[in-house]
Every structure is written in C-alpha cells, then in structure tokens.
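A.B. asks: Here is how the chains run, residue by residue.
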Amino acid sequence: AQSVTQLDSHVSVSEGTPVLLRCNYSSSYSPSLFWYVQHPNKGLQLLLKYTSAATLVKGINGFEAEFKKSETSFHLTKPSAHMSDAAEYFCVVRTGGRDDKIIFGKGTRLHILP
Amino acid sequence: DSGVTQTPKHLITATGQRVTLRCSPRSGDLSVYWYQQSLDQGLQFLIQYYNGEERAKGNILERFSAQQFPDLHSELNLSSLELGDSALYFCASSAGQGWRNTEAFFGQGTRLTVV
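These protein sequences, in sequence, are chains U and S. Per my numbering: the first sequence = residues 1 to 114. Per my numbering: the second sequence = residues 115 to 229.
Hints in this document: simulated from the structure, not taken from any laboratory. Keep in mind that a hint or two might mislead.
As the list claims (entries may be wrong) - In silico lysine to aspartate or glutamate, DMTMM-like type, Cα no more than 20 Å apart, as pairs:
hint, chain 1, residue 1, chain 2, residue 2
1, U, Lys-68, U, Glu-15
2, U, Lys-49, U, Glu-71
3, U, Lys-101, S, Glu-217
4, U, Lys-101, S, Asp-185
5, U, Lys-101, S, Glu-167
6, U, Lys-49, S, Asp-115
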C-alpha cells in the first residue's frame, strides 16, 4: 500500500542547532515528494520538492532534503534552527502510476527552544 | 501570498445548517483541490476538479459536494452540518491535472466551527 510516515509528531531543538524531520514513504512507482510548512493559522507553503532530478533538494529558508531510494526516505534538514522555523511540517508523496494519489503525512510540529 | 484566495476566513454555524466555502485558484491554474484538516484526522483530501470536471475523489462525505465553475473558481458545499465537521478547510490549486513535477499552492483556509 502507498503511504507516508512522519516518524516524529513533535521535535524540539534549540535555536542555532540542526533540525532533522524524518519522513519515510512507500510507493510502487517513482514518486514525487514534497515538504510543506504550516505556520499557526496559515495555509501550507511549499518548502521544497523532489521530482526525479537531483536527489539532494534545496528549498527555501535554508531547508534541504535528500531522496534516498534505498531507504525510501526523504528527511528534511536545516543546519541551524531559527525561532521563526517553529511550525508544523508535512511530508507529501505523489505516488504516480495507475492508482495515482497524493498522500499527506500526519505532520511534525517543530518547537524551537531559546 | 500563494495566489489562492479562500472566503470566508472564519465561519460559525449551527448543527444542521448548510454552508458554502469559496476558492479562487491562482491565475492560470486549472486544478482545484479541497482538503479538510482536523486535529484527530490530520489533513484529508476531499475532492479535486480539473477545468470544471471532477478529477478525483477522496474521503468526502455524501453531505458534502463541490463544483468548479467556468471561471475556474470552486465552491465546497457542506450540508446537514455536525459538530464533527468543525475543521480547517483548505483549497489548493495547481497548473496541471495533478502534482507530477508541479506543486500545489494552498490558500489560507476557512475555519469552520459548528456549534
């Protein structure tokens, strides 16, 4: 079955330290993968996307993600967290193939500690 | 600003009532998607329209319906409202029929509260 799993519902990091938000997917086809961010009372904003080009994808606000097919992962990272990064992050998979679906992860809430 | 406009931003209504949520996609985008976000269910895909026609259906209740008009704006109609329908409803748009190689752009959402 096609699925996307965000391994942590909450992540807390101190300001200035690295961020790692984990995402694993399951897809029978070559998927398209996206990370979205949602700030409180706001809509979802695209951070970055992978669509079968370079496996290391750079996004906005210093975020990047690496597509690892062997591990079926698409983890989101940032070298140094800012207070403004506090938000909810969604990993999204477009599965492709005949039964094409867009699947959202349940989200990871990122807390930044001063 | 994503370019996707949703109205109203907030809506409070009583159980049993009917409401209409409106979405204007980004200029030139032909696909409109509706999502429901609640605390217990997370983000759920409801329905997609492409250039006026229904393209895909997700977990949309029979009490809910949607349509996309010739000018490409879309409306989501929710009827016989229940307390459990309280949620944030998002509209998104994309250029093509789906998300392949293109992302979707999300509106700010309509927060529906059923009392």
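A.B. asks: Of all the hints numbered above, which does this structure not satisfy? Sort the numbers upward.
C.D. replies: As far as the earlier hints go, 1, 4 are violated by this structure, in ascending order.
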